[in-house]
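Enquirer: Using the hints provided, position chain B relative to the given structure of chain A.
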Amino acid sequence: MAMTRRQRTRAVRTVQYAVLAAVLLAIVLAADWGELRRAFFDAGVARSLLPDILTTALLNTVVYTLLGFGFGLVAGLVLALMRLSQVPPYRWLSVAYIEFFRGVPALLVFIALGFGVPLAFQVALDRYVTVMLALGLVGAAYMAETIRAGIRAVPKGQMEAARSLGMSHGRAMVSIIIPQAFRIVLPPLTNELILLTKDSSLVYLLGLSLDQYELSKFGRDALNQHRSLTPILVAGLCYLLITVPLGQLVRWLEARTAKAR
Amino acid sequence: MIRIRGLHKSFGGLEVLKGIDLAVERGEVVCVIGPSGSGKSTLLRCVNLLEEPTSGSVTVGGAEVTDPDVDIDRVRRRIGMVFQAFNLFPHLTALENLTIAQRRVLRRDKAEAVRIGRDTLRRVGLTDKETAYPAQLSGGQQQRVAIARALAMDPELMLFDEPTSALDPELVGDVLAVMRALADEGMTMLVVTHEMSFAREVADRVVFMDDGVIVEEGRPEQVVAAPRHPRTRAFLTRVLDPAAARVGEVPDTGPKDSRTGP
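In order, the protein sequences belong to chains A and B. Counting the first sequence from 1 gives a position; the working numbering is that position plus 4. Counting the second sequence from 1 gives a position; the working numbering is that position plus 1212.
Since the hints were derived computationally from the structure, they do not count as laboratory data. Fair warning: there could be bad hints in the mix.
Keeping only pairs whose Cα atoms sit at most 25 angstroms apart, straight-line, the calculated DMTMM-like set for lysine to aspartate or glutamate is [as the list claims (entries may be wrong)]: (1) B:K1341 with B:D1285; (2) A:K160 with B:E1308; (3) A:K160 with B:E1264; (4) B:K1341 with B:E1428; (5) A:K160 with B:D1285; (6) A:K160 with A:E258; (7) A:K160 with B:E1263; (8) A:K202 with A:E258; (9) A:K160 with A:E149; (10) B:K1230 with B:D1279; (11) B:K1230 with B:E1428; (12) A:K202 with A:D215; (13) A:K160 with B:D1380; (14) B:K1341 with B:E1308; (15) B:K1341 with B:D1366; (16) B:K1322 with B:D1366; (17) A:K160 with B:D1283; (18) A:K202 with A:E103; (19) A:K160 with B:E1227; (20) B:K1322 with B:D1340; (21) B:K1322 with B:E1342.
Some chain A residues flagged as far from chain B (calculated, every beta-carbon gap over 10 angstroms) [what the hints assert, rightly or not]: (22) L54; (23) I180; (24) R187; (25) S205.
All C-beta atoms in this analysis are idealised placements derived from N, C-alpha and C, irrespective of residue type, glycine included.
Same shape as in the complex, but just chain B:
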């Protein structure tokens, strides 16, 4: 489904991705973990060309995204994306958020778009919220609408960019439940996350990234439970038991800055 070869990405003089090779098969769920600033989100954003790679190639379902002559809008239709900051359209209701791209991009007629929109809202458990505006919804509800917005386009592949990082802890579960159901239905998913339990239980494969390279990848029970590389081990210790850290003992990479407002 996804083939990434020799992917490099620099912002100015800062090299964020230093040669990534990664393949995701159809129906596979791959979780990307790693410290802040390791390049996970940039990698994800290169898959649908929200970031233009500096060099290397990305192919999605046979279409080379990095080819300058590719019809990127056509490729993006097949790739759903879920953002950390939700990025719902605040001037539209939940249902309108789901129908606008169906109508304007896929050219579905209004009745069909609404029918699919309602079905999709039901899948994420928000049947009663179709007339609500994003500002009237909790963070967890907003993120589920955002997932539904992507699903209503019938994507072959879903990208998740830290979908639960902006949520209050008690709201994380609902979003993860939707993602888990999606994985069970066989959706191909590439997920950047800090939720280790999700990675362990749902992922077919876990990729650990640090400093712009893939340090280790494999089955979740291997990477999360029995990491081979010392950097993976250090990271997992910090994530799984943050209270055990001592001042000055481990480098603090700082909180992830949110790139976009809600």
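Only chain A is shown next, with the shape it has when bound in the complex:
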């Protein structure tokens, strides 16, 4: 029997909702809710995490991330400029760096830095410096590619106008091209910041003292102590406290960029 177009649309829609409902129902029925509540929603454990999870762990996560982001941004800009250089060895070095640090898990970089640098140079680096280096070195590889794309997205006429006014290439880059490039890459750079926030959970590999714990390490420590999964849930919520507003910021920046075009 032939269906009208409207009937067919309605039938397809009904099937889609039915599938969704069936999957949700299956999950709800299969899960042991009592067990889950005991493990994840222990109010006593949650209360015992406060205020340290905010004043120490959340704060440390933010500080580590910002240190890494700041260093990574500067290093990323240098790498991007090297990548666009007229001097071939600079380009090769930049490409090699980006390919290496983008292709190797951050976990390995952290271990190598945490144990390798003190071994090689017989120095005990300050914890914050090591964190900044480790997160920054990894972040720089991604940010370099983003910044390079931004520089190339600035119209060619901008460089020509700057040069025709007598600016040197370098002066034109600093005063005209790079400020515009950063405007263009502000949304993707904010995304890098979100990724870095989560990568900061690898800092534990460097070996941390109690007051240096960031969210993930803090959560896992409390997990062992309380024999409850509640700290993991709370730590997760704390990450969202940082990343969701940043995500909103990205969306707002993108909308603003779209309007300016």
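Expert: Showing chain B alone in chain A's frame:
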């Protein structure tokens, strides 16, 4: 002011300029006309070395631009350039567009750069727009800011690369008025344009280019009103009365592609 001798320019295998000889005297206004792809803009861009000539020499005010040892930034300070696509700096206000090169290139202090910037904006009739960003200005206003940006550097010579081609017709007049005032003040100007009335009324000399060579040059009343060469005549007929063209009658050279975004 400008001496061009035996200028050739190729892009890959495509020869765009096939031996140009041209001189522009101090205080002279020279308009370059010709069909799209004739090499007019390339010629202009060779004068301040935005394009590197393949061979030949270009001298501006005694400095040989084509000499590999020339301090090109120093020469460019004396040459103002106005682009078809304006190329204003979109992250800076109108006044900042005028002051940045004064401060960074000429090393003028902030107060002086601002004073000169304001004076120059007044010359182009945009006193009330100094805090506006380029995106907030009409095309005609943007192009006048771009002219002011070049003038604030006290150039001895101004290059105009189709300054009105990207403008809506009703905005062309304001820009041409500024250029006309500049010509009356005695500025040396080399202007690539499709505005025949401007060429006829303002230019001291008109140069007609086609296919990479100068076909004809002379007084505007001669070149525009009574062209000698058949190619000049054909071009002027098309430009002055485009509605008279018939399909297939004349080769269509197509619209000029804009090389750079705003």
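Enquirer: Hints first: check each against the structure and report whether it holds.
Expert: Here is what the structure says about each hint:
For the suggested pair K1341 (chain B) and D1285 (chain B), the alpha carbons sit about 29 angstroms apart, so the restraint of at most 25 angstroms is broken. For a cut-off of 25 angstroms, the pair hint linking K160 (chain A) to E1308 (chain B) stands: about 20 angstroms separates their Cα positions. Distance check on the hinted pair: K160 (chain A) and E1264 (chain B) sit about 16 angstroms apart at the alpha-carbon level, within 25 angstroms; holds. Between the alpha carbons of K1341 (chain B) and E1428 (chain B) the distance comes to roughly 42 angstroms, so the proposed pair goes past 25 angstroms and is violated.
Between K160 (chain A) and D1285 (chain B) the alpha-carbon distance is near 18 angstroms, which keeps this suggested pair within the 25 angstroms criterion. Distance restraint check for K160 (chain A) and E258 (chain A): the Cα-Cα separation of roughly 23 angstroms lies within the 25 angstroms cut-off, and the hinted pair is therefore satisfied. A C-alpha spacing of about 13 angstroms is found between K160 (chain A) and E1263 (chain B), which places the hinted pair at or below 25 angstroms, so the restraint holds. Distance check on the hinted pair: K202 (chain A) and E258 (chain A) sit about 22 angstroms apart at the alpha-carbon level, within 25 angstroms; holds.
Note on K160 (chain A) and E149 (chain A): the hinted pairing holds, with a Cα-Cα distance of about 19 angstroms set against a maximum of 25 angstroms. Proposed proximity of K1230 (chain B) and D1279 (chain B) is supported: the alpha carbons are some 20 angstroms apart, at most 25 angstroms. Pair hint K1230 (chain B) plus E1428 (chain B) holds up; C-alpha atoms about 15 angstroms apart against a cutoff of 25 angstroms. Taking the CA atoms of K202 (chain A) and D215 (chain A), the gap is near 19 angstroms; set against the 25 angstroms cutoff, the hint holds.
Distance restraint check for K160 (chain A) and D1380 (chain B): the Cα-Cα separation of roughly 23 angstroms lies within the 25 angstroms cut-off, and the hinted pair is therefore satisfied. Note on K1341 (chain B) and E1308 (chain B): the hinted pairing holds, with a Cα-Cα distance of about 11 angstroms set against a maximum of 25 angstroms. In summary, the hint linking K1341 (chain B) to D1366 (chain B) is supported, as the alpha carbons are separated by about 21 angstroms, within the 25 angstroms threshold. For the hint linking K1322 (chain B) to D1366 (chain B), the alpha-carbon distance of about 16 angstroms falls within 25 angstroms, and the restraint holds.
A threshold of 25 angstroms between alpha carbons decides the hint, and for K160 (chain A) with D1283 (chain B) the separation of about 22 angstroms falls inside it, so the pair holds. Only pairs whose Cα atoms come within 25 angstroms are accepted, and K202 (chain A) paired with E103 (chain A) is accepted, the gap being roughly 21 angstroms. Taking the CA atoms of K160 (chain A) and E1227 (chain B), the gap is near 22 angstroms; set against the 25 angstroms cutoff, the hint holds. Between the alpha carbons of K1322 (chain B) and D1340 (chain B) the distance comes to roughly 20 angstroms, so the proposed pair stays at or under 25 angstroms and holds.
Note on K1322 (chain B) and E1342 (chain B): the hinted pairing holds, with a Cα-Cα distance of about 15 angstroms set against a maximum of 25 angstroms. Every beta carbon of chain B lies more than 10 angstroms from that of L54 (chain A), the smallest distance being close to 44 angstroms; the non-interface claim holds. The non-interface label for I180 (chain A) is inconsistent with chain B: the shortest C-beta to C-beta separation is roughly 6 angstroms, within 10 angstroms. The claim that R187 (chain A) is not at the interface with chain B is violated, since a C-beta of that chain comes within 10 angstroms of its own (minimum 6 angstroms).
At the 10 angstroms boundary, the C-beta of S205 (chain A) stays outside the reach of chain B, the nearest C-beta of that chain being 36 angstroms off.
This entry does not satisfy hints 1, 4, 23, 24, going by the numbered hints stated previously.
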